[in-house]
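Asks: What follows is the residue order along each chain.
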Amino acid sequence: MEFGWNEELEAFRDEVRAFLQEFDTPALRKELANRGEAAQLGPEQTRLREALEDRGWVRMCWPEELGGEGKSQWFQFVMTEEFAKREVPYGSGFGTMVGPAIHRFGTEAQREKYLPGIWANDITLCLGYSEPNAGTDLAALETLAVKDGDDWLINGQKLWTSAADTASHVWLACRTDPDAPKHRGISTFIVPMDTPGISVRPIMTMSGGRTNEVFFEDVRVPSDALIGEVNQGWYIIANALDHERVWIGAGGGLRHIFDRLMAHIREKRPELLEDDVVRRRLVELELDLDVMEGLVLTNASIVASGDTPTMEASMSKIWTSELRYHISNVAMDLLGHEGALTEEADGFAPLGGELERTYRASPIQRFGGGANEVQRDIIARRGLGLPRH
Amino acid sequence: MDTTLSETQRLLRESLRDYLGNEVPFDRIRELEREGGADQALWEYLAGAGFLALPFAEAHGGEGGELTDTAVVLEELTRRACIIPFLETTASALAIARHGDGALADEVVRGVIGGAITIAPALQGSTPANGASPRVVDGALSGERRFVDYGAEVTHHLVEATENGEPGLYLVETAADGVATESLSTIARTPLAHCTYEGAPARRAGGAEALQFLRRAGRALCAVQCLGNAQQALDMTVEYVGMRVQFGRPIGSFQAVQHHCANMATQTLSARFLTYRAVWCVDQGIATDREIAKAKALASRAGTEVTMQAHILFGGIGYTEEYDLHFFSRHGKERALAWGSAEECLRVAADTLDEVQPWQ
Ligand SMILES: Cc1cc2nc3c(=O)[nH]c(=O)nc-3n(C[C@H](O)[C@H](O)[C@H](O)COP(=O)(O)OP(=O)(O)OC[C@H]3O[C@@H](n4cnc5c(N)ncnc54)[C@H](O)[C@@H]3O)c2cc1C
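Top line first, the protein sequences correspond to chains A and B. Under our numbering, the letters of the first sequence match residues 15 to 403, in that order. Under our numbering, the letters of the second sequence match residues 352 to 711, in that order.
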């Protein structure tokens, strides 16, 4: 056992911090604030992204056969953590999710066609999984892809396709064998969003963001749009979703919110710190964050040792998503009525409205990426070996 | 002891529910949230149909009803996410009617019942203001109040202020010289203002007793709003999980989902008892700060936890602006913080832990 960081990682952390010091500029902040959920990166983010590429940090932990350097996962962890502390995203998330899938399951020609574009962010992706009748039960998806000569003909509807309005391509899960058991009749495609027959309708959410509905009407794509074998899609999706789960579990920014809350209280509401109960509530939040980080580190340790976390990943996902709600909820309560103010209440809103924004955006973390109820099933059955009913 | 609604209350609830269902679509609420302001048409209806007169004495032209009748109406308005200063006006006018100056009371209550007068309480809140707390000198009020619900929409403010060091309530016209309101946006997107007074003409409306009544009535009625949000979210959820199919069955048939619903229902019902009892005690004149604070703490938690749990069970659809669930989670959270958050209320209750309560 070892609860500290070795010199190499400490040195790397310093490097990442110095990097962020240089690139986390007011211009970047402004760009991020105005970015919405767009798939494209603005000029400042592109600059940051290119600098990351130059340093080889984007894929440093991937196996060499996937074009990486095969470094220990701890490097990725340290980098993610430092970026999260400053709430700076380090690229468009879906690329880092779909890229490895194409690398692993695609043909040589497909790798050459897509991967350079994905790494350079010329190809930006949205994720076409969910449908009206396929949410938590993703394998129930119905969008149909039918072989037509050499082409595929796609018909159906996707729902909640975030960034569909800005992405260049959609990473699409379709049913290719309606007669097979539902997990065995799905295939994955990569489809340019400007293909005739695709239409996008916006859906606004209570967090203020935008997601979309996407309709496919006789959308014709060539045979090389299919990634992997026909009907192997569920396996590919499950692989990619595992990445997403660890990502949600990483809890980006929650510690940062707590630090900002403490700063606000010290500066503007010092009377609160005279109340022992408030102090205790704050310590409880700190403890909750410690637990979150402990679970994240436990997962990272398992990954770094070459294993795959199962129930640990679910625990981390549950804890972090519940904490996102809990920390904003408790902080708003402690501050009282001022806790309700949004960023538009300029000069009045604590933390520039971040608490109320976090609160409003918290539900999706709890039901998305595998609903927490289902995560608890995973812990009980796969982790603890309890029987199915 | 009888925790059920009276026949009158049932009728009130049903007639209002019918009206709101037909005449106040949620798109109307969306429009008000976007453009700001209160629902003037609804206010006129409430005045015309006698809903504003319920708790006031017949001598002032009121119905002479119970405050719990008003609470039933308020809960129904909350369940439609209505944006009107009903709590604010009712609690303010009652404070003046029951504990204030007689001549002023008659004028104010008649104005309120007719729909011409609306009032926002501007009390000392939990967040310290930057400016001076309001003081009155020679009938002129100066100072600052931080968070005043409907401060820019009402015709009058009822301001907590001191005169010669004595606390009291002072009635100020919003349109008068020396009154400035700055609208602040909240998670609820309902009206809130930061108010400054500079030598605004003010009439004394009551002393320490009126102020105490207003605090208690406001807090108890705000608990009703918290409860209404929780109840609405609960009812919507039960209906939805019974219909939404995943894995070939309604999600409401999963035990995990049923347990969530059972917890939500239990939390809502327990908050209901304490909340309505608090309103009743205010009406009877036997309320204590501690009982009111406990009720509000419980209702605040229900209005928060039940509405946010509803979001989990609704999944993506409940997260959209197009769907109506967010009205209750956003309004529920804002009401949980108004008139004292759960934390603040528990602090109040803790401060009086040694006092004996009326039914002990
Ligand atoms: C803003 C936003 C962005 C999104 N972005 C994308 C995207 O880019 N691409 C994409 O493909 N999808 C996206 N999603 C979809 C997201 O993954 C789904 O919302 C999620 O999978 C839940 O599905 P659902 O909304 O249909 O809820 P449902 O499946 O209807 O589930 C609702 C609730 O039912 C309960 N439940 C369901 N099944 C069970 C069970 N077996 N046991 C116990 N309880 C259960 C849970 O409490 C669950 O939260 C997005 C969603 C939102 C809201």
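Keep in mind that a hint or two might mislead.
What the hints assert, rightly or not - When the alpha-carbon atoms are kept at most 20 Å apart in a straight line, the in silico SDA-like pairs for lysine to any residue are as follows:
| id | chain 1 | residue 1 | chain 2 | residue 2 |
| --- | --- | --- | --- | --- |
| 1 | A | Lys282 | B | Ser484 |
| 2 | A | Lys99 | A | Asp273 |
| 3 | A | Lys196 | A | Asp238 |
| 4 | A | Lys282 | B | Gly476 |
Please keep in mind that the hints were generated in silico from the structure rather than gathered at the bench. Only a predicted model underlies this, so the values are computations on that prediction, with no experimental measurement involved.
Asks: Each hint: holds or not?
Replies: Outcome of the hint check:
Distance check on the hinted pair: lysine 282(A) and serine 484(B) sit about 17 Å apart at the alpha-carbon level, within 20 Å; holds. For the hint pairing lysine 99(A) with aspartate 273(A), the CA-to-CA distance comes to about 10 Å; that is within 20 Å, so the pair holds. Restraint check for lysine 196(A) and aspartate 238(A): not satisfied, since their Cα atoms lie roughly 23 Å apart, outside the 20 Å limit. Straight-line distance between C-alpha atoms of lysine 282(A) and glycine 476(B) comes to about 15 Å, which keeps the hinted pair within the 20 Å bound.
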